[in-house]
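Visitor: Each chain is listed here by its residues.
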Amino acid sequence: MMASSYTAKEEDGHITVSGPGALRSRKPENTAFKQQRLPAWQPILTAGTVLPAFFIIGLLFIPIGIGLFVTSNNIKEFEIDYTGVDASSPCFNCSQSFSWNSSRPCTCSIPFYLEQPYESNVYVYYGLSNFYQNHRRYVKSRDDSQLNGDPKSLMEPSKECEPYAFHENKPIAPCGAIANSMFNDTLELFYNDPNGTKVQILLNTTGIAWWTDKHVKFGNPGGNRTTKPINWRRPVFDLDADEGNNGFINEDFIVWMRTAALPTFRKLYRIINKKSGMVPTLPRGNYSLEVVYNYPVRSFEGRKRMILSTISWMGGKNPFLGIAYITVGSVCFFLGVVLLLIHHKCGNRNNNADISN
Amino acid sequence: MTGADTLLTCRTSSTAAHIGVGISGQEGMQAVLSSDYSFAQFRYLQRLLLVHGRWSYLRMCKFLQYFFYKNFTFTFVHFWYAFFCGFSAQTVYDEWFITLYNMVYTALPVLGMSLFDQDVNDRWSSQYPQLYTPGQLNLYFSKKMFVRCMLHSCYSSLILFFIPWAAMQDTVRDDGKDIADYQSFALLAQTCLLIVMSVQLCLDTFYWTAVNQFFVWGSLAAYFAITLTMYSNGMFLIFTSYFPFIGTARNSLTQPNVWLTIFLTSLLCILPVVAFRFIVLQLRPTINDKVRHKLRKEALPAPAPRRPPTRRISTRRSGYAFSHAQGYGDLVTSRRFLLKRPLRSRPALFSQTDSPLAQNQPQHYRTIAEEQEDAQSP
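Residue numbers (the UniProt record's numbering), protein chains in the order written: chain X, 1 to 357; chain Y, 1 to 378.
Bear in mind the hints are in silico, worked out from the structure with no lab data behind them.
Positions of the beta carbon are idealized from the N, C-alpha and C atoms, including for glycine.
Warning: the hint list may mix true and false statements.
Claimed, not checked - Take a look, some chain Y residues computed to stay more than 12 Å from chain X by CB distance: (1) F67; (2) N71; (3) Y81; (4) L100; (5) M103; (6) A107; (7) L111; (8) S184; (9) A221; (10) Q326.
Said to hold, decoys possible - Some, not all, of what chain Y presents toward chain X, calculated at C-beta under 7 Å: (11) S232; (12) P285; (13) T286.
To be verified - Here are the computed lysine-lysine pairs in the DSSO-like style, where the Cα-Cα straight-line distance is at most 27 Å: (14) X:K345 / Y:K294; (15) X:K198 / X:K140; (16) X:K170 / X:K140; (17) Y:K297 / X:K345; (18) X:K275 / X:K152; (19) Y:K294 / X:K34; (20) X:K275 / X:K198; (21) X:K152 / X:K170; (22) X:K275 / X:K76.
Can you build the whole structure from these sequences, using the hints too?
Guide: So this is what it looks like as structure tokens:
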């Protein structure tokens, strides 16, 4: 029998370390954190929480959906496709005979009729289809430093802009494929008075781009030793006579540079400000759209259109959200009823706490 | 396992068993050194298995399932977008979001769940050993569960892409300006994704400590803070080419239809999960569900009675041991000396329920009584 020194603590398997100083136990501390006894909230899915939630969501979504749908229906929108695909279309000739360096621009005129008067501000959009502004190589092809007005980037565009960075040994400003493919049709609207005169509708060119884009992201550099993008007719510093809308801060340019997410998109072109008094901005009647057809889309089966639209608090005309909310609300409510029935019939299986295998 | 001749057993049987457990004791410390877990007394095995082992299995499975879900959803959305971007591999989300998604925005919440989650606490776990059966039957993560997780990801990714897609078709801001541009769409899609993932984690977490609360809400707040910072004027002017998303948050997150879209997307992803879990809970509650339901109403069971340790007359610890031959490891792992009938399938640990007592009462297990050591004195 060997007498060994041990203590009652060792009996429990706790190994004590006797170093210099006091005897230190290696037993973990008995705190709530280390023993995993932290106070906690332990929710479970009960009928008392789930069923009211479904009913409340159902009852909440249906009015929201109705509101959205009614608002969307009250927005007036008018769309004209002026690509000129049909031989009978006024713009058919322009779409066929296209060349980059034609000095005489091709114009076409499309008449249309507005059934309802448009009140308040009317927004003029141009829309493109089958145009992939979200292609990865396309989205990369820009130089944000150059567009911000950095003089160094102006003369040395970034590699991302290749092959639209240099032309005839001069740097291109603005460089890149996005700038090169800028939309350059000109759209004008004329109202045909009942007594025969053609009145041009005033289109406002400013206030169409984001404030942060115009005042922070884009800035004009000094200097003039760059060349225009290959597909442009005029260099960037001749885009507009108004100096506040010229150069990189030209709002049409800024709107184009904000690449669209989907292949069918619309971009704000002009704004028709509302008239004072009770006169509708665009009364009922005959109108005509005059197009200076510069932008070729037939080669990739694209389409161009002009859209006139009023605006509400939810934006343009899009019935999807309204319909989706109504549908989801109804399904939720119906599901709530189904769950209530299930709970009523079989809900006591949890409560008969005979916990066996 | 005790003793040095089980050193080899631990090593050879580690392929068959899940863990090796060593008990430090009279035959020495060799088993302790070669095992995954070790403790001093055999009775601690109960707590190791029924409490810690069970919790560990639960946490591991939840973690895996959630991790696969969040990454598959994130990836499938890009797959759907490919049909609309000319198959050019354009990302739906901002590149910074992709970088920070797994590292910052969803890292801490899932860590909190994996560290702290419990379905029932330790006293209840010891009281109802039947709670251990899901681990043996591989219920929480198997091939079937993986396929279910993939299908769930598929559904979530369809919602997370196509609802924003439909809502942004030909949509503009309330002042007529653009909102269907690539950057706003990316912001919308990533916000929807993160909110859905956070809510899914909230549904998966059973045990909400203060740390969990802080991690979840903190991560969401960090997402908004970091995003607003990265899309601010200051960062753009300092690092122009790295932060091209300037102004996007300000211009799109102030639009009511963006928030309505986010709300709709989140609910469409979450409500089926809630409904499904509720239905399963009502129609086929498992033992875990029943115990969790019970513990809300009843008081904590008393801790298992501990007998005071009896004093041993002598304890001899040898510092080393060795074995000449292979030992009895094969015999032990073959279990021939345990069962009288041939082994068909792995039986559950506690399958004896013929006694009427066991139907209605929790099973108590006596701690193994310690015997006097007189017989062992040399």
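Visitor: Would you mind marking each hint as holding or not holding in the structure?
Guide: Tested hints:
1. For F67 (chain Y), the condition that its CB be more than 12 Å from all CB atoms of chain X holds, with the nearest at approximately 22 Å.
2. At roughly 21 Å from the closest C-beta of chain X, the C-beta of N71 (chain Y) stays outside 12 Å, upholding its exclusion from the interface.
3. Not every Cβ of chain X is farther than 12 Å from the Cβ of Y81 (chain Y); the closest lies at roughly 8 Å, contradicting the non-interface assignment.
4. Listed as a non-interface residue, L100 (chain Y) keeps its Cβ farther than 12 Å from every Cβ of chain X; the least gap is roughly 20 Å.
5. The beta carbon of M103 (chain Y) sits about 23 Å from the closest Cβ of chain X, which is more than 12 Å, so the claim that it is off the interface holds.
6. No beta-carbon of chain X comes within 12 Å of the beta-carbon of A107 (chain Y); the shortest separation is about 20 Å.
7. Against chain X, the non-interface label of L111 (chain Y) holds: every CB pair exceeds 12 Å, the least being about 15 Å.
8. The claim that S184 (chain Y) is not at the interface with chain X is violated, since a C-beta of that chain comes within 12 Å of its own (minimum 7 Å).
9. With a least CB separation of 20 Å from chain X, A221 (chain Y) remains clear of the 12 Å interface cut-off, as annotated.
10. Every CB of chain X is more than 12 Å from the CB of Q326 (chain Y) (nearest about 29 Å), matching its label as outside the interface.
11. Below 7 Å, beta-carbon pairs count as interface contacts, and S232 (chain Y) has none with chain X, the closest being about 10 Å; its hint is therefore violated.
12. Taking 7 Å as the C-beta contact cut-off toward chain X, the hint placing P285 (chain Y) at the interface holds, the least distance being around 5 Å.
13. At its closest, the beta carbon of T286 (chain Y) sits 10 Å from a beta carbon of chain X; the interface hint therefore is violated under the 7 Å criterion.
14. Taking the CA atoms of K345 (chain X) and K294 (chain Y), the gap is near 20 Å; set against the 27 Å cutoff, the hint holds.
15. At most 27 Å may separate the alpha-carbon atoms for a hinted pair to count; K198 (chain X) and K140 (chain X) exceed this at roughly 45 Å.
16. Between K170 (chain X) and K140 (chain X), the direct Cα distance comes to roughly 21 Å. Compliance with the 27 Å bound is thereby established for this hinted pair.
17. A C-alpha spacing of about 22 Å is found between K297 (chain Y) and K345 (chain X), which places the hinted pair at or below 27 Å, so the restraint holds.
18. In summary, the hint linking K275 (chain X) to K152 (chain X) is not supported, as the alpha carbons are separated by about 46 Å, beyond the 27 Å threshold.
19. As the CA atoms of K294 (chain Y) and K34 (chain X) are separated by approximately 26 Å, the hinted pair is consistent with the 27 Å bound.
20. As the CA atoms of K275 (chain X) and K198 (chain X) are separated by approximately 18 Å, the hinted pair is consistent with the 27 Å bound.
21. For the suggested pair K152 (chain X) and K170 (chain X), the alpha carbons sit about 14 Å apart, so the restraint of at most 27 Å is met.
22. Our distance criterion of 27 Å between C-alpha atoms is met by K275 (chain X) and K76 (chain X), whose separation comes to about 17 Å.
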